[in-house]
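J.: Given chain A, work out where chain B should sit, using these hints.
Sequence lines, in order, name chains A and B. For the first sequence, this note's numbering begins at 1 and goes up steadily by one. For the second sequence, this note's numbering begins at 1 and goes up steadily by one.
In case anyone wonders, no lab produced these hints; they're calculated from the structure. There's no promise every hint is true.
[Stated by the list, open to error] Pulled a few chain A residues facing chain B out of the computed Cβ check, cut under 7 angstroms: (1) His195; (2) Lys198; (3) Asn199; (4) Leu201; (5) Ala202; (6) Val203; (7) Leu205; (8) Asp209; (9) Tyr210; (10) Asp213; (11) Asp237.
[Unchecked claim] Have a look at the derived ranges for each label pair, beta carbon to beta carbon: (12) B:Arg17 with A:Glu231: 15 to 25 angstroms; (13) A:Thr224 with B:Ser14: 16 to 26 angstroms; (14) A:Thr255 with B:Ser14: 38 to 48 angstroms.
A virtual CB, placed ideally from N, CA and C, is assigned to each residue, including glycine.
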Amino acid sequence: MTTKPQVEAPRSDLTAVETRSRLEAILDLSRDGILAISQDGIITGWNRSAERIYGYPAEAIIGKPLATLVPSDRLHELSTIYPAIARGTTIDEFETVRLRSDGTPIDVSLSIAPIRDERRRVTGSLVIMRENSAIRQALKEAEQTSAKLSDRERMLRRALLALRQSHEEAKTAQLQLVQAAKLESIGRLAAGVAHEVKNPLAVILFAIDYLADTITAPDENTATALTDAREAVMRADSVIRGLLDFSTATELSPTMQDVNEVLGRALQLVRHALTKAHVLAIEEFEDDLPDAMLDRNKIEQVFVNLMINAIDAMPSGGTLVIRTRRDRLTDVGQDVGVRKTDQLRVGQSVIVVEVEDTGTGIDEACRARLFDPFFTTKPPGKGTGLGLAVCKSIVALHGGTIRIANKEGGGGTRAAVIFRSIRSKEVKGDG
Amino acid sequence: MDKIRVLLVDDEPSFTRMLKISLERRGFKVMVENNGAYALTIARDFLPDFIFLDVIMPDVDGGEVAAKIRSDPKFKDVPIVFLTAGVSKETTRIKGDVIGGQTYLAKPTTVDEVVACIEKKLGKKTGATS
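Just chain A, same shape as in the assembly:
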């Protein structure tokens, strides 16, 4: 059996008193304002909700024209509403503005239906008025909440970005600390080892010289032994001297330098190596580069080192491109941060020196260890594995950084040295 909702059946035996009582109850209980308007626009009925919404008690408003509730700039609405009601038209949810008793405007939605007599003639109208302020307020609050949420989201995104940056910086700082600790201990070790090893090396070298002097007609094996021994001493000495560069790399004598000029001089120093290796050098120097505060000799050492590495990477010849350009740091990354204490910061103007070769490039495993002391890919006797470690240390002392990567699309390596530019040439000499 299906249960249907219980709906009271219409009764034809309701008395006029009962009907009136029911209507009054409906009027009183309604949360909407309900007004009765005569055909000539006079308010004839006014329920409790209308009192609450408009602020007028029934006795103060009944008998007054409907226009009492209408703002002056909305009076024209009445000339449309009255004729429509007179024609018996129903108006549904007409959005407009009305006035409270204190003169404050109130957003309302009006539904208007004609009141008819027993002969179906229109004698007035019934207005049901719903306050929109609450809805509007709710909408406004929703908009505000949404705006706040958007703000929060933006803040969170910024916080996330800052967090990522801090993470990158922390990683960089940690690497720098590890590197600095390594370099410092190697520096200390180097100074001690140098003294203890160089004396024996000197003795061996003198002994070799002596033997070479005294053996008047050495056979082939003796001559080879003497030559190899001499070369071994020189190689050991080269490692020790490289180590000593560490211990002295901490002292700088910086002056204002034209980077192009320093680079040009370094290029002159490797001319012989270029010719020997059949490597063509191309200079792409940006004109009017700002100056930088550099220890000329040490930076020249860095440039020479990078060029020699590039030349060594092209045993069958190739092209060495030496490029200078000015740039602006845009991203947090290796040795580049956003804090005031960072030597290189996002937004800073910098000078970039690039040394490019057309060799075979470097694999990932090597790239991670490039700046490690004693790491070398060169054959025994060709490199000490200290060159790039010294370069990094020197450039770091200048507040700069070195980045080494394979060129986009392969076919060689690009080393980029980044320095802060100090001032433009126009003000050079101002002190």
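T.: Here is chain B on its own, set in the frame of chain A:
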């Protein structure tokens, strides 16, 4: 012609021994002192034309020894060259063979370089270069 007299002051006996026999073979007269504190006394006795001084020695450093020797008018013009083990490749390339107004030779060095240094300082060929 009298032999050029070279005084070697270095605390490393094997080093001075090897350099001594190498230089003697090239025609120099060589005196060795392994204790820097006695350098001046030996110099007064030996009257060297040229002095090599170690920089780092146990009791006294080469700078102090040089100052003492220079304080004696007899050695006012005698060239003094320091032999040092504490020089990097970079220092050698940039500063040549003069640091703080003093000439030095970086260990290890060849006998030829030692002889060339003596000839340069004394302004004459000794004929000892091989």
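J.: Indicate, hint by hint, whether the structure satisfies it.
T.: Hints, verified against the model:
Hint on His195 (chain A) holds. Least Cβ distance to chain B is approximately 5 angstroms, under the 7 angstroms limit. The beta carbon of Lys198 (chain A) comes within 3 angstroms of a beta carbon in chain B, closer than 7 angstroms, and the hint placing it at the interface holds. For Asn199 (chain A), the interface hint holds, since its Cβ comes within 7 angstroms of a Cβ in chain B; the closest pair sits about 5 angstroms apart. A least Cβ separation of about 4 angstroms between Leu201 (chain A) and chain B falls short of the 7 angstroms threshold, and the interface hint therefore holds.
The beta carbon of Ala202 (chain A) comes within 4 angstroms of a beta carbon in chain B, closer than 7 angstroms, and the hint placing it at the interface holds. Hint status for Val203 (chain A) relative to chain B: holds, with the closest Cβ pair at about 5 angstroms, below 7 angstroms. With a least beta-carbon distance of about 4 angstroms to chain B, the hint placing Leu205 (chain A) at the interface is held under the 7 angstroms criterion. With its C-beta approaching chain B no nearer than about 4 angstroms, Asp209 (chain A) sits inside the 7 angstroms limit, and its interface hint holds.
Because the closest C-beta pair between Tyr210 (chain A) and chain B is about 5 angstroms apart, less than 7 angstroms, the hint holds. A hinted interface residue such as Asp213 (chain A) counts as satisfied when its beta carbon comes closer than 7 angstroms to some beta carbon of chain B; here the least separation is about 6 angstroms, so the hint holds. Interface hint status for Asp237 (chain A): upheld, as the beta-carbon distance to the closest one in chain B is roughly 6 angstroms, under 7 angstroms. For the pair Arg17 (chain B) and Glu231 (chain A), the supplied restraint of 15 to 25 angstroms holds, since their beta-carbon distance comes to about 24 angstroms.
The given range of 16 to 26 angstroms is respected by Thr224 (chain A) and Ser14 (chain B), whose C-beta atoms sit roughly 25 angstroms from each other. A beta carbon spacing of about 43 angstroms between Thr255 (chain A) and Ser14 (chain B) agrees with the range 38 to 48 angstroms that was offered as a hint.
In summary, the structure agrees with every hint in the numbered list given earlier.
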